[in-house]
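Peer 1: If you read the sequences in order, they're chains A and B. Per the numbering used here, residue 493 is the first one in the first sequence, and the count goes up by one each step. Per the numbering used here, residue 493 is the first one in the second sequence, and the count goes up by one each step.
If you're looking for bench data, these hints aren't it; they were derived computationally from the structure. In this text, all values refer to a predicted model and were calculated from it rather than measured experimentally. Where a beta carbon is used, it is the ideal one built from N, C-alpha and C, also for glycine. Mixed in with the good hints there might be a few duds.
With the C-beta cut set under 10 angstroms, the calculated list includes, among others, these residues of chain B facing chain A [what the hints assert, rightly or not]: (1) Y517; (2) D527; (3) T530; (4) Q535; (5) R542; (6) Q544; (7) G641; (8) D720; (9) Q778; (10) L842; (11) I843; (12) A847.
Result set (BS3-like, lysine-lysine): computed pairs, CA atoms no more than 25 angstroms apart in a straight line [said to hold, decoys possible]: (13) A/K705 x B/K723; (14) B/K705 x A/K705; (15) B/K676 x B/K585; (16) B/K723 x A/K615; (17) B/K683 x B/K944; (18) B/K615 x A/K723; (19) B/K708 x A/K708; (20) B/K615 x A/K708; (21) A/K649 x A/K660; (22) A/K585 x A/K649; (23) A/K931 x A/K708; (24) A/K837 x A/K723; (25) B/K676 x B/K989; (26) A/K938 x A/K631; (27) A/K637 x A/K875; (28) B/K992 x B/K963; (29) A/K963 x A/K931; (30) A/K638 x A/K676.
Protein chains: 2
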Amino acid sequence: MNQKENHKNQIFEALSDRLERAMAYQTALTLLEWDNETLAPVQAGALTSRVQGTLSAAYQEVMTSSEVKLLISQCEKQPDLSRVERDIVREAKEDVEKLDCIPPEEYRAFQELVSESTRIWVKAKKEQDFSAFAPTLQKIISYQKKFAGYRAKDGQKLYDVMLDDYEKDFNMEKLDAFFQCLKKELVPLLKQITESRVRVDDAFLTGDYPEEKQRKLAEYMASYVGFDFEKGVLATSAHPFTTNLHNRDVRITTHYQDRVDSSLFSVIHEAGHGIYEQGIADELTQTPVGQGASMGMHESQSRFFENIIGRNEAFWVPVYGTLKDLFPDQLRGVGREMFVRAINKVEPGLIRTEADELTYSLHVLVRYELEKQLIEEDLDVEKLPELWADKYEEYLGVRPDHVAEGVLQDIHWAQGSFGYFPSYALGSAFGAQIYACMKREMDFDKLLEDGKIDVIREYLREHIHQHGKLKTSRQLIRDMTGEDFNPQYYVDYLKEKYGKLYQLEG
Amino acid sequence: MNQKENHKNQIFEALSDRLERAMAYQTALTLLEWDNETLAPVQAGALTSRVQGTLSAAYQEVMTSSEVKLLISQCEKQPDLSRVERDIVREAKEDVEKLDCIPPEEYRAFQELVSESTRIWVKAKKEQDFSAFAPTLQKIISYQKKFAGYRAKDGQKLYDVMLDDYEKDFNMEKLDAFFQCLKKELVPLLKQITESRVRVDDAFLTGDYPEEKQRKLAEYMASYVGFDFEKGVLATSAHPFTTNLHNRDVRITTHYQDRVDSSLFSVIHEAGHGIYEQGIADELTQTPVGQGASMGMHESQSRFFENIIGRNEAFWVPVYGTLKDLFPDQLRGVGREMFVRAINKVEPGLIRTEADELTYSLHVLVRYELEKQLIEEDLDVEKLPELWADKYEEYLGVRPDHVAEGVLQDIHWAQGSFGYFPSYALGSAFGAQIYACMKREMDFDKLLEDGKIDVIREYLREHIHQHGKLKTSRQLIRDMTGEDFNPQYYVDYLKEKYGKLYQLEG
């Protein structure tokens, strides 16, 4: 090693050392949050929040220290960093810039507002009282717009700044085109389906499915699709989610309800997220590029496992017997084909998290349009409930009776997340494009029928998972499929699948 | 508020702020360790260890920073600090001194040795091969002696430095007298019991006790003795333990075995630890004085709940029916009296953690004598297995066949803990003295018979738990009982209880 290389390494090593400390705080915060959702006693809240606040401040302090900034700028001048090292420096710099441009006292006030606002939202939702939440929501929006203003570059629009946090390269211009395409194609498709004479029976999915057996099914299914229990755990929480300390400790949750397919598919969905995180390369984990590429790409994987794999008839060929063995009485007289039809039933509803595969993106469309208006057009928050209801009626043909099943159903805005929702729809579209590409490379259905999910998973790991944040979603898709992102694959996939199920005329 | 008070507060507040950060790191470390013992996937180890190492270093860095040292010395000069504030400053100063007098590179080397040594100990124990562990043990002892040397004040002996970490005011001189008293009284008592003609049948305690029902019993019992599940949780781990994030989040574990009384009493024992931590005053938690007074006082509470409450016949009057309802077949024909005799059976054995109430302290005696020799007399570690076996034979009348049930049974030395063991015996003796005092103040047995454990618990909370580390064990005992610590209460308690059970002549 010559002297110059030695010098370079020392600077990068010094930066890595500070980043490792910051990551340790993040890991601790992740565990505290996981624990809070799955186990912590009810009275722990206030004191544990203080601990979280302290760790959060410690993270911010390290990341915005003059030492880290100096090391980053020195690293940028090193000509001989490896590709991964350069990406770590780039990502760290972005993280620092995000934290650094917001005055600490404003950031703290915002954090306090947000921790308060979740409580207010819970109460308002319970009491179906939007006006109790509206002033808080207005404050959150004001803060987020102010923060986005600090961060906006070269006349960038505020909502574009927010969108960029969740999915790079997808600003309003691109998303308008994307959602326009979905609206144009899916709203009429849904209308055709609801007007079709085909009726799908899914009554048997609801019933006496004992929790203990559902738990067994959940463990079996997570493992079957490839979630590695040597590097992960499954627990129970009010709302299913995935989190991870690093690539050897990935955690998924589910909840057990009367509808057996609710936990079943939420487990496969979270396992998809988990498999992504378990597949990230060892050299990346616990660095700033050691997570999934974006929220959209993450959703692409969870929804790929849930829908493209899990709701595929071929998937059930080798495993439907296991399900029948677990629930012989509940599924008496229900054949595999009948089961697969039931789990693919299209039924426009009011609640996003319970939506079927086809209508899901229309729920997201409503939120995207409203977020845009809130951020870019100063929409009065008081008008949200009515606008929400109107859009549901227009796109899905259903209208909420009250705000708990309308505008107050999601926690995102109460947590200060604006720009997150589009990821859900983008993820579904990414997944469909990836699926189209994979079908050219392999006999997808045959692999499912033969229970060889490992081949599919390995392909996804090689082309997506292992790269962490080294590539953006767009780059991943381009490198994998040879094409730029194209939402038509998604529309075609839905049209073909549901056209067949509901015997629509092509 | 005058200017002077204002000034005082600012300095103390500044120190508190730094201490809060240090405590946040400790809380995160506690949660990581809890998680590791109860849930984390098997492959998480190496990466999570790095996170722990980083947080541990961050803790040390804050505590030994020149800023904290300066603030402590400034606080010491403030004339108007409250009692609690002065104690926080004193305790923080002690923590800083402990961390500060060991060169960081030696401390790190020792931490690495200890994390390695646990692995070596596990393997050596499994293979019943002491020689595989001996060199590591020798290194650990050398480090600990060196560290104690750095910390020794005014010609203090090395083992006294170590003992002081776990129980202030109890140096070798005091412990020699204590253990001498136990040896003189308990060894002959045990001989009388093993030679008595009374036979206690406890065969029914072992059998088909389904884990699910044992779990129900554990939850019921923890709650019955007063562990508050709004401020705590119960989980499963290989070895039962208690830990806490703060006084509103206290965690206990148990394990389920074929012997129903194993989990039953380990849960009551850990609940005793947990009730202590839940009882600590709100103003103390998350400060350096916010834990139990000492290891000995902690054991006094856990063993008080386990033995003085839990193995008391009066305790079972209101709850034996619940036990019978849970296990009607397993306990068929077993009356309450027979059950209480069984759970108090004396049977000298080789394993400390499985020892009955009477022989328990003799297990500790063996360890105390050997630790003293190792630290103060340079005992060759190679001689430990033989000496261990000789002492067991002399005091307990049993001799191990191999080192796994002999000198390798405990993890403490592998973890670098010397001076910890005496706490177990001291705790039992503290408990007996507290019990004697309480019996003068209240009709203890009547309260148990009436299921009024809350009265007993509240008394302990008022006199012990709430004070945290504001008083030493000796002070607590003196303030509570009006007397200095006196081991005779313990001996008398055991003599009376077991003399009656085994019909010994007084």
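Peer 1: Give a verdict on every hint.
Peer 2: Each hint, compared with the structure:
{"no.": "1", "hint": "Y517", "verdict": "holds (8 angstroms)"}
{"no.": "2", "hint": "D527", "verdict": "holds (6 angstroms)"}
{"no.": "3", "hint": "T530", "verdict": "holds (9 angstroms)"}
{"no.": "4", "hint": "Q535", "verdict": "holds (5 angstroms)"}
{"no.": "5", "hint": "R542", "verdict": "holds (7 angstroms)"}
{"no.": "6", "hint": "Q544", "verdict": "holds (8 angstroms)"}
{"no.": "7", "hint": "G641", "verdict": "violated (31 angstroms)"}
{"no.": "8", "hint": "D720", "verdict": "holds (8 angstroms)"}
{"no.": "9", "hint": "Q778", "verdict": "holds (6 angstroms)"}
{"no.": "10", "hint": "L842", "verdict": "violated (35 angstroms)"}
{"no.": "11", "hint": "I843", "verdict": "violated (31 angstroms)"}
{"no.": "12", "hint": "A847", "verdict": "violated (32 angstroms)"}
{"no.": "13", "hint": "A/K705 x B/K723", "verdict": "violated (30 angstroms)"}
{"no.": "14", "hint": "B/K705 x A/K705", "verdict": "holds (18 angstroms)"}
{"no.": "15", "hint": "B/K676 x B/K585", "verdict": "violated (40 angstroms)"}
{"no.": "16", "hint": "B/K723 x A/K615", "verdict": "holds (23 angstroms)"}
{"no.": "17", "hint": "B/K683 x B/K944", "verdict": "violated (37 angstroms)"}
{"no.": "18", "hint": "B/K615 x A/K723", "verdict": "holds (23 angstroms)"}
{"no.": "19", "hint": "B/K708 x A/K708", "verdict": "holds (21 angstroms)"}
{"no.": "20", "hint": "B/K615 x A/K708", "verdict": "violated (33 angstroms)"}
{"no.": "21", "hint": "A/K649 x A/K660", "verdict": "holds (14 angstroms)"}
{"no.": "22", "hint": "A/K585 x A/K649", "verdict": "holds (22 angstroms)"}
{"no.": "23", "hint": "A/K931 x A/K708", "verdict": "violated (32 angstroms)"}
{"no.": "24", "hint": "A/K837 x A/K723", "verdict": "violated (34 angstroms)"}
{"no.": "25", "hint": "B/K676 x B/K989", "verdict": "holds (18 angstroms)"}
{"no.": "26", "hint": "A/K938 x A/K631", "verdict": "violated (53 angstroms)"}
{"no.": "27", "hint": "A/K637 x A/K875", "verdict": "holds (19 angstroms)"}
{"no.": "28", "hint": "B/K992 x B/K963", "verdict": "violated (36 angstroms)"}
{"no.": "29", "hint": "A/K963 x A/K931", "verdict": "holds (23 angstroms)"}
{"no.": "30", "hint": "A/K638 x A/K676", "verdict": "violated (34 angstroms)"}
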